[in-house]
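Chemist: Here's the letter readout for the chains.
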Amino acid sequence: MRKPIKQKNKRKTIRRSARSMNDNAKLSKVHVHNIELIIKTADLLSQKYPSLDVRAENGRVVIDCPEIMRMNNEHSANRVLDLLKCIRQIASHQQLSITVNMASIKDISPMCALLLASEFHHWQLVKKVRLRLVNVDQWDPKIKKLFHEIGMFSLVAVENHFLETVPESDEKFIKLRSGQLVKMEDALTNIDEEVSKIALIMRQNYRMYGGIEEAITNVTQWGYKFEKNIPKTIRNRWWFCASYNIRTHRVTVMVYDHGATIPRTLPSSGRLEDIRKFFSGFDILSSHDADMIEAALLIPRSASQDKHRGKGLRWMKDLLPLFNKGTLCILSGNGEVRVDENGTISKRKFKSSLGGTLIVWEAYGVNDDGAD
Amino acid sequence: MAQTKIIDVGKDFSKFPGGRVYSDGPYCGQAFREKKLLPYLDQGCSLEIILDTAEGYGSSFLEECFGGLVRHGMSSELLKKNIKFLYTNKAYKFYEDEIWQYIEEASLNG
Numbered sequence: 003m004r005k006p007i008k009q010k011n012k013r014k015t016i017r018r019s020a021r022s023m024n025d026n027a028k029l030s031k032v033h034v035h036n037i038e039l040i041i042k043t044a045d046l047l048s049q050k051y052p053s054l055d056v057r058a059e060n061g062r063v064v065i066d067c068p069e070i071m072r073m074n075n076e077h078s079a080n081r082v083l084d085l086l087k088c089i090r091q092i093a094s095h096q097q098l099s100i101t102v103n104m105a106s107i108k109d110i111s112p113m114c115a116l117l118l119a120s121e122f123h124h125w126q127l128v129k130k131v132r133l134r135l136v137n138v139d140q141w142d143p144k145i146k147k148l149f150h151e152i153g154m155f156s157l158v159a160v161e162n163h164f165l166e167t168v169p170e171s172d173e174k175f176i177k178l179r180s181g182q183l184v185k186m187e188d189a190l191t192n193i194d195e196e197v198s199k200i201a202l203i204m205r206q207n208y209r210m211y212g213g214i215e216e217a218i219t220n221v222t223q224w225g226y227k228f229e230k231n232i233p234k235t236i237r238n239r240w241w242f243c244a245s246y247n248i249r250t251h252r253v254t255v256m257v258y259d260h261g262a263t264i265p266r267t268l269p270s271s272g273r274l275e276d277i278r279k280f281f282s283g284f285d286i287l288s289s290h291d292a293d294m295i296e297a298a299l300l301i302p303r304s305a306s307q308d309k310h311r312g313k314g315l316r317w318m319k320d321l322l323p324l325f326n327k328g329t330l331c332i333l334s335g336n337g338e339v340r341v342d343e344n345g346t347i348s349k350r351k352f353k354s355s356l357g358g359t360l361i362v363w364e365a366y367g368v369n370d371d372g373a374d
Numbered sequence: 002m003a004q005t006k007i008i009d010v011g012k013d014f015s016k017f018p019g020g021r022v023y024s025d026g027p028y029c030g031q032a033f034r035e036k037k038l039l040p041y042l043d044q045g046c047s048l049e050i051i052l053d054t055a056e057g058y059g060s061s062f063l064e065e066c067f068g069g070l071v072r073h074g075m076s077s078e079l080l081k082k083n084i085k086f087l088y089t090n091k092a093y094k095f096y097e098d099e100i101w102q103y104i105e106e107a108s109l110n111g
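First to last, the protein sequences are chains W and Y. Per the working numbering, residue 3 is the first one in the first sequence, and the count goes up by one each step. Per the working numbering, residue 2 is the first one in the second sequence, and the count goes up by one each step.
In case anyone wonders, no lab produced these hints; they're calculated from the structure. C-beta atoms are modelled at their ideal positions from N, C-alpha and C, and glycine is treated no differently. Mixed in with the good hints, there may be bad ones.
Capping the alpha-carbon separation at 30 Å, the derived lysine-lysine pairs in DSSO-like fashion look like this [what the hints assert, rightly or not]:
no.	chain 1	residue 1	chain 2	residue 2
1	W	K130	Y	K6
2	Y	K6	W	K185
3	Y	K85	W	K227
4	Y	K6	W	K227
5	Y	K12	W	K177
6	Y	K12	W	K185
7	Y	K6	W	K319
Far from chain W, some chain Y residues (derived; all Cβ distances over 12 Å) [stated by the list, open to error]:
no.	residue
8	P18
9	K82
10	L87
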């Protein structure tokens, strides 16, 4: 016997409501679980990176960027390094919603802007999500302008309607570029149109091309060689940026990777014996990352099967005497080495590690006669 | 009489050469050696290589390309006899000097 239609529909409605309540209960459970995860993650990150402000807010993990983002003093440098590490650690977490609060930044160097922009790009490539700008109206206009000029917004393909009137700065940028092969046109194409001065200086100092090529080749040859779990979109990836300061006539060229770091790859590169001979009594176990970078920079290979390799870092260093004044800075792992045009070396050690290698040339008094 | 082949790096290969081996990228030293140099050198041709039509060179590219010729089995004497470098931009003499140094070093390293 068939049930009357009214009763049948009533039962359907009751069953649908029950399912809906179950779904809501399930959703609530998931929601609570996510909130708990976010709170727990924020707590863990706060403990791991005490120099940072990390909190759970509105269902997201929120990380405040430091007010001052520069590498020129130890405290600031360690906060920057902690921030980069923190972002990389949680950016790959599929279940978390994350906000990096950039409204807190009051001062940032171009180098730190490059480091941060590459971290956002890494995040986007790994998580395969479209990043969004939040609270952009609260950002310091000078900071927003710098990120606009360095090309961060175009790199991560976010819309930025930069409308504020901010005085022109002295630093003119070639926008950030990134690639995974040694395709020099990816790094250098259109620099004439962007900052013609840099193109002119490079043409008048041809060896600068070689220095940049060496830095990028080092990334593909060594940078990620020993990294097993790097996502395909990140493997062999480099980021390149350059700028010209119209007041100081300083050219700055930066190449950065997110690979294994020089101190980590050096022991496996077959050069330990060379290093031990050069630094008598060199003990790899007690050496610091800065010492390892210095060793990589100064010491030629002697192992006959490999003597034809490893010239890149020294080629980069050898560019410096071409200029009136210049420095090569290599920041890798926990160490930094600076060399000037006279060959004078200074080293720094950081508490935190840069997850990769940053190479920066700064050159003053380059031959720019006849430039516009 | 041995034929002379002119190779214009910027026009015949790339204005932006870079990298050592194929895994580095398409315009690497290995590619230039195998595609542009060896086919002619193996036939006994002489080469005139125009250097300054490329934007520049790195040591990895030059060493793999020319040091690699020695490791391929060519003597430095043969290379000195059969390769000439051409450039109007005198700054590119630096690259020529580097190339001959890599060829010598590769010969010494056997």
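Chemist: Run every hint past the structure and note whether it holds.
Modeler: Consistency of the hints with the structure:
no. : hint           : verdict
1   : W:K130 / Y:K6  : 49 Å, violated
2   : Y:K6 / W:K185  : 27 Å, holds
3   : Y:K85 / W:K227 : 36 Å, violated
4   : Y:K6 / W:K227  : 38 Å, violated
5   : Y:K12 / W:K177 : 27 Å, holds
6   : Y:K12 / W:K185 : 16 Å, holds
7   : Y:K6 / W:K319  : 36 Å, violated
8   : P18            : 7 Å, violated
9   : K82            : 22 Å, holds
10  : L87            : 16 Å, holds
The structure fails to meet hints 1, 3, 4, 7, 8 from the earlier list, while all remaining hints are met.
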